[in-house]
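Visitor: So the chains spell out like this:
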Amino acid sequence: MTSQPRGAIRGRSAIVAAGNTEQGTVPGISADEIAVEALRRTLAEHGIAKSEVDGLITCKSYGGFGIDTEIGRLAGLNPDYSATLDYGTCNFSLHLACAVIDAGLATTVAIVYGTNQRSAGNRFGHPLGRQDEASVYGFLNVAGPAGMAFRRHQHLYGTTEEDLGRIAVSQRRYARDNPLAVFREPLTLDDYLAQPYLVEPLRRSDLCMISDGGACLIVTRADRADDFTDKPVHVMGIAQQSGLRDRQNADQWMRPWIERVAERIYPAAGIDREDVDALYIQDPTSVWVLQMLEMYGFVPPGGVGEAFRDGAVGFGGKLPLNTNGGQLSEAYMWGFLHLCEAVRQLRGEAGGRQLDGPRTAQYCSTFGFMKAASTILSVDRS
Amino acid sequence: MDTTTADASLFWDRAAQGELVFQHCDDCAFVRWPAAGVCPECLGRGFTWKPVAPTGTVWSQVVYHRAYDTSLRERIPYNVALVELTCGVRLLTRLTGFGTADPVGAAVTARFEDTGDGPVPVFAPATGTFAPAAGTAEGNVS
Ligand SMILES: [Zn+2]
Chain H
1 MTSQPRGAIR
11 GRSAIVAAGN
21 TEQGTVPGIS
31 ADEIAVEALR
41 RTLAEHGIAK
51 SEVDGLITCK
61 SYGGFGIDTE
71 IGRLAGLNPD
81 YSATLDYGTC
91 NFSLHLACAV
101 IDAGLATTVA
111 IVYGTNQRSA
121 GNRFGHPLGR
131 QDEASVYGFL
141 NVAGPAGMAF
151 RRHQHLYGTT
161 EEDLGRIAVS
171 QRRYARDNPL
181 AVFREPLTLD
191 DYLAQPYLVE
201 PLRRSDLCMI
211 SDGGACLIVT
221 RADRADDFTD
231 KPVHVMGIAQ
241 QSGLRDRQNA
251 DQWMRPWIER
261 VAERIYPAAG
271 IDREDVDALY
281 IQDPTSVWVL
291 QMLEMYGFVP
301 PGGVGEAFRD
311 GAVGFGGKLP
321 LNTNGGQLSE
331 AYMWGFLHLC
341 EAVRQLRGEA
351 GGRQLDGPRT
361 AQYCSTFGFM
371 KAASTILSVD
381 RS
Chain R
1 MDTTTADASL
11 FWDRAAQGEL
21 VFQHCDDCAF
31 VRWPAAGVCP
41 ECLGRGFTWK
51 PVAPTGTVWS
61 QVVYHRAYDT
71 SLRERIPYNV
81 ALVELTCGVR
91 LLTRLTGFGT
101 ADPVGAAVTA
111 RFEDTGDGPV
121 PVFAPATGTF
131 APAAGTAEGN
141 VS
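Residue numbers (UniProt numbering), protein chains in the order written: chain H, 1 to 382; chain R, 1 to 142.
Please keep in mind that the hints were generated in silico from the structure rather than gathered at the bench. Just so you know, even glycine gets a beta-carbon here, dropped at the ideal spot from N, CA and C. Do not take every clue at face value.
Unchecked claim - Pulled a few chain H residues facing chain R out of the computed Cβ check, cut under 8 Å:
1. Tyr137
2. Leu140
3. Asn141
4. Leu198
Build out the structure end to end from the sequences listed, making use of the hints.
Guide: Here is the structure:
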């Protein structure tokens with residue numbers, strides 16, 4: 001038997017439904033209830049019976065919500081398999097769902113996420129006292145690490161703030177056509193540059209909002225996909241890499257381990273980078289979009305500004321990027337909405353921002369934790 | 001968190017006396033930070049706190065214009081830098097003495113400044129490697 005590349009799913013799992021709640025400020029409902037509301041809407045909108053769901057994967061949100069045992073109780077589910085990831089982002093949940101389906105532990109897995117951290121007033125990062133150097137020096141908020149990484153990038157490649165600003169500007173332009181997006185007002189490069197620094201060299205539009213909301217995807221074994229929809233979106237390849245020890249000493253902000261994901265994901269999916277019609281990059285900050293565009297080889301190191309200027313990447317460009325507006329403009333949601341958007345674009349259901357018949361989409365993610373992941377989806381099963 | 005062997009307080013106590021110390025692995029000599037009970041190179045548990053040369057280069061720096069905690073309100077704008085020490089450790093810290101000059105890549109030496117809770121390490125341009133911009137109040141620091 002010929003061994004396949006690591007992460008080669010090759011259409012054995014398919015996403016048959018993607019749904020979400022309203023985004024932004026959703027008061028008066030708990031994080032777990034928002035997750036269940038996302039599940040309810042997703043099942044209802046796609047005509048899928050709750051009894052079909054025999055797998056449940058959740059992720060723990062800030063504040064400790066999101067545990068499968070609590071969400072399963074609220075949702076009235078006794079799944080054959082359930083688990084909670086201790087860190088967010090949709091990629092990791094989707095990858096676990098594919099593995100669970102491949103192993104035969106469940107057939108139809110709901111992956112759900114809900115958060116009310118905006119309404120709850122949760123903020124990332126408070127000083128912890130004198131044991132912790134970040135606290136001693138006031139190194140708080142994701143803007144600190146991201147700003148440090150961008151400042152280093154500027155030093156190495158001469159990247160300008162205009163180069164970085166084009167990422168947020170492009171994503172805002174998409175968000176203007178997305179009714180779900182929280183930020184839809186126009187944003188020009190001049191507007192961006194006029195914003196005061198929050199953590200120099202970063203501005204407000206370089207950082208994602210903290211928002212409430214829920215999202216859900218239903219993943220099933222390939223031979224069941226047609227039972228749920230005539231527009232399945234096939235998972236072709238998945239890849240992950242951790243940089244866990246890099247929290248100590250090594251490069252925790254330039255995130256070089258993402259390059260290992262970039263090396264694995266195209267062989268896993270059996271496609272080339274050039275085959276990607278729509279690209280999604282999780283964007284807690286614009287800086288990690290810049291990093292991943294480079295590390296996945298979509299632009300040369302230091303070439304992000306030029307790529308947006310010349311129309312190689314971004315709104316109106318050859319390679320559409322974060323057509324939902326991303327976390328910078330649409331909503332936070334630990335990247336769940338990027339994947340929902342990729343599914344909608346591939347199904348031709350993206351409304352006023354629908355691309356011209358994309359067949360392949362790639363989603364790349366990373367966050368404050370030391371992990372990176374990518375997924376390639378296709379309308380074609382092979 | 002179990003802090004019985006991963007206690008970083010010795011680092012801060014010695015810094016208050018003007019010395020940079022880190023855990024050196026007794027088995028493989030790897031120098032580690034943050035404090036930890038196990039060596040990430042060889043998984044050995046024995047270690048000795050030893051001083052290191054207070055020298056390095058600036059890896060990167062940011063300036064906070066916003067206080068993300070009320071306790072930091074009076075400090076803004078303040079900088080935070082990552083210094084790559086000669087011993088291999090990367091240390092989160094603060095820079096002083098650079099004025100408006102770009103510090104990234106510059107050679108630096110530790111000094112110890114009291115920010116209200118005892119002296120902590122900060123880093124200034126290394127002697128002889130930095131000419132302050134005209135008109136800045138801050139001069140060269142040894
Ligand atoms: Zn060792």
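Visitor: So, for every hint listed, does it hold in this structure?
Guide: Results for each hint:
no., hint, in the structure
1, Tyr137, "holds, 5 Å"
2, Leu140, "holds, 4 Å"
3, Asn141, "holds, 4 Å"
4, Leu198, "holds, 5 Å"
When each numbered hint is compared with the structure, no violation occurs for any of them.
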